[in-house]
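Chain residues, written in single-letter form:
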Amino acid sequence: MRRAAGTCDDDGVMADRQTSRGPAADKTSNDAAPATSGGTDLLRLIRPVEGRLVAGVAQGVADQLRLDPVVLRLAFVLLTVLDGIGAVAYAALWMFTPRAPYEGREPGRDWSQIAAYGAIALALMALGWLTGASAGGIGAWPIAVGGIGSLILWQQADPDRRRRWMDSTVGQARKNWVRTIAGLVLVVVGAIGFLALNDELGKAQPGFVFTLVVVGGVALIAAPWLAGLWKELQRERRERIRQEERAEFAAHVHDSVLHTLTLIQRNAQDSREVMRLARSQERELRNWLYQPKQDADASVAAAVRRVAAEEEDAHGVPIEVVCVGDCPLTPELSAMMQAARQAMVNAAKYSGSPAVSVYAEVEPGEVTVFVRDRGVGFDMSEVPEDRMGIRQSIIGRMERNGGSARVRTELGEGTEVMLTMKLESS
Amino acid sequence: MGNVRVLIVDDHRLFRSGVRAELGESIEVIGEAEDVESAVKTIAELQPDVVLLDVHMPGGGGQEVLRRVLGSGSQVRFLALSVSDAAEDVIGVIRGGARGYVTKTISGRELTDAIRRVAEGDAVFSPRLAGFVLDAFASTEAPPIDPELDSLTQREREVLRLIARGYAYKEIAKELFISVKTVETHVSSVLRKLQLSNRHELSRWATARRLV
Chain G
1 MRRAAGTCDD
11 DGVMADRQTS
21 RGPAADKTSN
31 DAAPATSGGT
41 DLLRLIRPVE
51 GRLVAGVAQG
61 VADQLRLDPV
71 VLRLAFVLLT
81 VLDGIGAVAY
91 AALWMFTPRA
101 PYEGREPGRD
111 WSQIAAYGAI
121 ALALMALGWL
131 TGASAGGIGA
141 WPIAVGGIGS
151 LILWQQADPD
161 RRRRWMDSTV
171 GQARKNWVRT
181 IAGLVLVVVG
191 AIGFLALNDE
201 LGKAQPGFVF
211 TLVVVGGVAL
221 IAAPWLAGLW
231 KELQRERRER
241 IRQEERAEFA
251 AHVHDSVLHT
261 LTLIQRNAQD
271 SREVMRLARS
281 QERELRNWLY
291 QPKQDADASV
301 AAAVRRVAAE
311 EEDAHGVPIE
321 VVCVGDCPLT
331 PELSAMMQAA
341 RQAMVNAAKY
351 SGSPAVSVYA
361 EVEPGEVTVF
371 VRDRGVGFDM
381 SEVPEDRMGI
391 RQSIIGRMER
401 NGGSARVRTE
411 LGEGTEVMLT
421 MKLESS
Chain B
427 MGNVRVLIVD
437 DHRLFRSGVR
447 AELGESIEVI
457 GEAEDVESAV
467 KTIAELQPDV
477 VLLDVHMPGG
487 GGQEVLRRVL
497 GSGSQVRFLA
507 LSVSDAAEDV
517 IGVIRGGARG
527 YVTKTISGRE
537 LTDAIRRVAE
547 GDAVFSPRLA
557 GFVLDAFAST
567 EAPPIDPELD
577 SLTQREREVL
587 RLIARGYAYK
597 EIAKELFISV
607 KTVETHVSSV
617 LRKLQLSNRH
627 ELSRWATARR
637 LV
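Which chain is which? The protein sequence lines are G and B, in order. The numbering of the first sequence is this note's numbering, which starts it at 1 and goes up by one. The numbering of the second sequence is this note's numbering, which starts it at 427 and goes up by one.
Just so you know, these hints were derived from the structure itself, not from any lab. Computed from a prediction, not measured in an experiment: that's the story for all the values here. Just so it is clear, CB atoms sit at the ideal spot from N, CA and C, and this is done for glycine as well. One thing to keep in mind: the hints can contain errors.
Think about it this way: if two alpha-carbon atoms lie no more than 25 Å apart in a straight line, the pair counts; the simulated SDA-like pairs of lysine to any residue are [what the hints assert, rightly or not]:
hint	chain 1	residue 1	chain 2	residue 2
1	G	K349	G	T368
2	B	K530	G	H315
3	B	K596	G	E410
4	B	K530	G	Q281
Okay, the calculated bits of chain G under chain B, using three or more residues with CB under 8 Å as the criterion [unchecked claim]:
hint	segment
5	321-328
6	355-362
Go ahead and model the full structure; you've got the sequences and the hints to work with.
Structure follows, in structure tokens:
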């Protein structure tokens, strides 16, 4: 039995490690491969996030060439104004240069600088138009427009960026459509502009019809096949997600549930221990299935649940917890939790009650905790002065922290401890 | 009142036979069903006094049984029984028409009591359900649409609070100096509000807080 459990555990750990290693390993190899193949000290061209104005291209190139980014920005602006080639180059670099990895919230852009460069561009353009110097260079403009359009479309192919867009809400999905359409329109405008500028538009007309017919025919032929392919892809994707979920589930069940079942078999003769194991596993599984991650150090409800769980484990008596409302834990409320813990310990240890009920309620002005058992009860006046449990750990502690405690008990009637703490700010 | 005729609806055979063995003398188990289809059919055939209804079952679960049986105008009473303590499930079956909700860890004696109570037309609240109701009605800040249905009276709140503290009806009656019958009336009235109040907060609260 022990051996079987041991080997099982090893498998579990291995499986765990594998699943957790998968994506991380992929990422590092992806990132590392070009860098190592490119040589030893060569810096890779990347687009930094910090200090970028548009996409970080100029900044990245400047880092690469050890120049001031201002020089490169001016160069891009000048080339753009002259014949649009600057925009094309910028777009191409944007497309093919990876973004520098960046953790946390992205810093905003310096809009005043962007405005300054825009103003320079406008001024140069006006100058060129007035003097007629750049009239000849207008030919590259459609290419620039088309380039920006295709840039927008290409961006969607970047899985990282797409994830970022998809992560967010429905409004983002609509934005995605707007992006796609804007990109398409720019590309089409660019293409038509190119043809128009070269006086090819009229000649291209029959060609357009021909192309439309061919493309339409191909689309008709390929559509069912493409649709099938798409469906198949979606199915595979779903299947993969499901498998990952199943693997995670199996890992959890293995680590906790199977382990507990093994322990229960080994402790079968000790009914109290079996009960304790079953309860603690039940609680853990419930938490895992239904409960949002809660920080036991942060809120009253989470703290009450944790204290009850710990005492239940320690004494093998079921403690049923009901919480209404919640609020952050203050030092006073932490003291209250300690008093509640002592009350639970007393109930579980000495009352002989088969179960303990804990009820915690957070109201706007105060927090109340009730700990109740149906055990033997006791006579308050008979409790010796030196018994620290009730007098010091419960009543004394509550009073020192500005709260109050009341104990209601009778021989044979069980005991109820009521703790109250006023909340200040609300 | 004679024997209460009970139908057990649960997809776990082991659990059905366990409940059967635990129930007291005054309860007569007249049948069992293991899924939604057979439950709907058997209920129509046997007309039990009380149906012990599991929340999670193949084919739509307890809520589907409630919808189909109560939707057809039947007056059969349901007591929901489940391992799940998720707020969604609890509030879901109560709003679906069950007259009470207890968890499967309940003792045989307590379950017998609960069945008798439901058979007599009263409601059965576990401490956890009482906590959910207090939380759900307290957490709403919007003004009630229908003041009669959308808020609890002071007395109802007191009764629920005592249930949540683990008090039995008899103990609540003693504590508040009222009769057990009055306690039952208060609980039934809370049940009615819970079922009829159309404030969306109740359902939204339940889904937003998948508490155990």
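Hint-by-hint comparison with the structure:
As the CA atoms of G:K349 and G:T368 are separated by approximately 23 Å, the hinted pair is consistent with the 25 Å bound. Our distance criterion of 25 Å between C-alpha atoms is met by B:K530 and G:H315, whose separation comes to about 22 Å. Taken as a hint, the B:K596 and G:E410 pair is honoured in the structure, with Cα atoms around 17 Å apart against an allowance of 25 Å. The straight-line distance between the Cα atoms of B:K530 and G:Q281 is roughly 16 Å, inside the 25 Å bound, and the hint therefore holds.
Residues of the segment 321-328 of chain G with a Cβ under 8 Å from some Cβ of chain B number 4, which satisfies the need for three, so the listed coverage holds. Three residues within the 8 Å Cβ limit are the bar, and the segment 355-362 of chain G against chain B gives 3, so the coverage statement holds.
Figure legend: structure checked against the earlier numbered hints; every hint is met.
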